[in-house]
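Novice: Below are the chains, spelled out letter by letter.
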Amino acid sequence: MVMDKNNKNFQTSKPKSMMGRRAFVATTLAAGASLGLAAERSSQIQSDEPKKGGTLRVGFTQGALSDSTDPASFNNDFMFAYAYGVFNGLTEIAPSGELVPELALQWQASPDARIWTFQLRRGIQFHNGKDFVAADVVATINHHRHINSTSSAKPLVADIVRVTALDPHTVVMELGSGNADFPFIFSQYNLVIHPALGDSIDVTSMNGTGPYEAKIFDPGVRAVYQRNPNYWKPGRAHLDSVEIILVADPAARLSALITGAVDLIDRPDLKTLHLLKRHPSVRVEQTVGNKHYTLPMLSDIAPFTNNDVRMALKHSIDREEMVDKILKGCGVVGNDHPIGPTVPFFNSDLPQRSYDPDKGRFYLNRAGLKTLDVKLHMADVSWGNDSVKAGVLFSESSAKAGINLQVLREPNDGYWSNVWMKKSFCGSYSGGRPTADWAFTTTYARGVSWNESHWDHSRFNQLLVAARSELNQALRGEMYYEMQGLVRDEGSTIIPMFGNYVLAMNKHVRHTEKIASNWDLDGQRFMERWWLDA
Amino acid sequence: MDSVLWNVGGWTHDRNTVYELFWGGVAMKAILIMVLQRLGLGMLTLFIVSVIIFSAVELLPGDLAQEILGQSATPETVAAFRAELGLDEPAVQRYGQWLLNVVSGDFGHSLANGRAISELLASRVGNTLFLAAYAAIIAVPLSLILGILTALYRNSWFDRSVNVLTLSSISFPEFFIAYILILAFAVKIPLFPSLANIYPDTPFLDMLYRATLPVMTLVMVVVAHMMRMTRAAIINVLASPYVEMARLKGISPFRVIVKHALPNALAPIINVIALNLAYLVVGVVVVEVVFVYPGLGQLLVDSVSKRDVTVVQAVSLIFAATFILLNLVADVLAIVTNPRLLNPR
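As they're listed, the protein sequences go chains A and B.
If you count by my numbering, then the first sequence holds residues 1 to 534, one letter each, in order.
If you count by my numbering, then the second sequence holds residues 1 to 345, one letter each, in order.
Do not rely on the hints blindly, as some may be mistaken.
As the list claims (entries may be wrong) - Calculated pairs, DSSO-like style, for lysine-lysine (alpha carbon to alpha carbon, straight line, at most 30 Å):
1) B:Lys188 / A:Lys277
2) A:Lys328 / A:Lys291
3) B:Lys188 / A:Lys271
4) A:Lys400 / A:Lys422
5) A:Lys328 / B:Lys249
6) A:Lys370 / A:Lys423
7) A:Lys400 / A:Lys423
8) A:Lys291 / A:Lys325
9) A:Lys389 / A:Lys422
10) A:Lys507 / B:Lys188
11) A:Lys359 / A:Lys291
12) A:Lys233 / A:Lys291
Stated by the list, open to error - Derived list of chain A stretches under chain B, where covered just means 3 residues or more per stretch with a C-beta under 8 Å from a C-beta of chain B:
13) 217-229
14) 249-256
These are computed hints drawn from the structure, not numbers from a lab.
This structure is a prediction, so every number in the text was calculated from the model and none was measured.
C-beta: ideal position from N, C-alpha, C; glycine also.
Model the full structure from these sequences, guided by the hints.
Specialist: Encoded structure:
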């Protein structure tokens with residue numbers, strides 16, 4: 001068997017050392033310092049000792065009647081919370097941004113990072129008492145990589161050639177090509193482990209190994225979760241129960257919090273945030289996240305084929321003003337590459353690009369143009385309700401560089417099918433990815449289906465493949481640094497800003513000092529990590 | 001005791017005479033035939049509605065696969081999705097299949113999450129009807145009483161202030177009224193909850209309490225229409241000779257209105273009430289969203305945005321049937337209260 005032959009050559013990598021611990025801390029510190037923006041939190045509210053008990057009631061924005069328990073279909077916060085509340089993944093992204101083991105105990109890669117062996121935790125049971133074994137992992141992964149799979153995680157697992165259960169507690173995965181960040185994908189909400197049912201999984205079952213059991217699951221309305229008394233993870237799952245109510249209307253969400261109908265709401269209305277902060281019983285918190293707003297230009301369509309034109313546009317957008325007026329200050333300026341400040345290998349040496357219409361005009365002249373006429377297509381789904389306003393701001397700031405930018409409002413319906421990647425210049429966003437490779441591979445690699453700018457840069461693509469299978473962290477770091485520079489200076493996407501995750505809650509809601517930033521609400525793991533003080 | 005006078009064909013008759021003339025004849029049969037005809041036409045209407053709705057959903061950009069997958073749609077997952085749900089078949093074929101199932105009594109499953117539509121609808125139909133009935137029980141008597149009183153004291157300060165108030169409340173958008181009520185009665189004076197989240201296990205009294213604010217909103221929105229129609233219809237009848245006759249007999253103004261004018265004014269009032277009841281069932285999406293009330297409106301909006309055509313069809317048919325049935329009931333009631341309508345000249 002392939003495995004036995006290669007076994008002695010396996011390089012053991014401790015889970016935490018996906019990136020050197022020291023390197024990571026240094027990066028994060030540098031990021032924090034350069035941004036001068038730590039999470040906005042008053043210190044007196046943090047209590048060190050989590051308390052057991054209580055019911056946390058949460059008002060959620062996202063969630064729909066059409067939501068289904070099929071992990072292939074998870075696509076909103078309601079389902080992300082369900083995934084991390086009821087199930088566990090093989091791996092978990094810790095509040096620090098590091099990858100830590102969850103249902104996997106540890107893992108090893110072959111020297112070319114192509115064959116991965118996961119040792120699974122023993123003695124863990126699903127809610128119905130069934131033991132967690134390797135067959136469950138195989139079935140879960142196959143559900144997403146199945147030929148007829150409709151999973152949004154299909155591109156993530158597409159490179160897996162073979163998944164085999166070596167014994168009940170060992171799974172071996174063979175990839176088509178090396179990927180040093182491979183274990184990261186198992187922290188994705190889609191890939192939480194479901195019990196096997198024959199070759200596949202039962203998509204209607206809500207039977208997981210996670211901290212909570214779903215007592216009531218009514219998509220589009222609410223969900224009630226109760227603590228799993230046999231939860232295996234120590235020091236987690238403090239709350240007796242969690243009730244999530246869907247309150248899509250921002251004003252209704254706000255009044256629900258103020259009247260005490262819920263303890264916590266996500267996405268409070270940014271326009272009234274300054275007023276909400278004054279309320280004596282409400283606490284507003286922000287986390288710098290990886291979510292970023294993008295303006296992809298199709299690099300294979302004129303005038304965007306010319307990098308000087310793209311650079312002219314990149315210099316003509318007033319990022320500070322956008323953060324100020326569109327995000328109401330709840331965000332940070334972007335530097336035209338998708339790597340967020342909390343992601344490992346964030347390049348803090350790159351100078352921040354700022355608004356400079358003279359430079360914009362310079363690049364325009366270098367492209368042999370006096371003026372430039374472009375149309376920017378925006379819809380509310382692209383950047384939120386202020387998308388078109390953001391476009392108008394850009395139009396005003398770019399006029400000073402001699403650019404005539406016309407903003408066109410597009411309908412929300414079918415935006416991602418008919419406008420995005422079809423019109424040469426439009427608005428889009430990305431929820432952010434926990435690793436540089438993931439972010440680059442999904443959106444900037446040659447020919448991938450989400451390459452929203454049709455960008456094809458040979459040096460970049462070469463580095464991407466080389467870095468992916470490189471297990472030497474220092475070498476990888478160098479490559480990712482260079483790639484961030486390439487996307488910034490030669491890429492075909494303007495990334496003016498990163499949005500913060502904003503939450504509002506009453507004073508009883510508690511959590512650890514640092515919370516995760518890979519998704520909203522502590523990486524959507526608030527159910528097992530947070531507690532109530534009374 | 002004064003006898004009730006009816007104005008039939010320009011002649012004033014005693015009510016008993018009229019009833020004998022009417023019910024003794026072929027009236028009952030005529031009404032029955034009309035009801036059957038209207039039900040038959042109603043089925044045809046439902047069929048046409050289903051065709052229009054289906055085509056409208058087809059015409060919207062994007063399909064279920066693209067809307068569900070959103071930004072993460074790749075060509076191959078979209079294709080797999082379509083193949084799995086049969087979305088790649090021609091529209092006519094899909095509609096035919098759906099129609100066959102419905103005719104055999106099976107509304108099918110939601111395309112988006114595979115739940116049975118009967119299960120999806122069960123609690124929501126109940127919730128929507130509960131909210132509509134709750135609002136109607138308050139709004140209908142209130143507007144009738146206000147209409148009668150304003151007709152009685154027309155052009156007085158009372159009449160004018162009631163008109164100004166009801167017209168103002170109908171003129172504001174619903175969500176604005178809802179926010180004002182939330183601010184006043186949930187935030188400033190915490191009497192009622194701002195979330196009307198009722199569930200299948202909520203006790204009835206609790207349901208009444210939690211639905212207070214949405215019901216107040218709906219009442220404010222529908223009262224003006226019904227009250228103004230009552231007032232106008234009564235005032236219209238008050239100009240007829242038989243009312244003058246009643247006055248000359250020395251009957252009190254209140255009695256003239258309630259006993260003599262109102263029965264003859266009922267037909268238009270009943271029609272307006274039916275329209276408003278239908279509105280309370282089908283038109284409360286905004287109120288549902290603001291108060292987070294789990295009704296049919298939200299289900300329809302959600303399903304349209306996901307292109308979940310089977311659910312859209314089911315909800316639309318319920319809405320259309322509501323309109324058809326309420327209009328039918330209104331017409332039958334109008335005829336019962338005013339037999340002349342059966343024989344239009």
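Novice: Please list, smallest to largest, the hint numbers that this structure does not respect.
Specialist: 5
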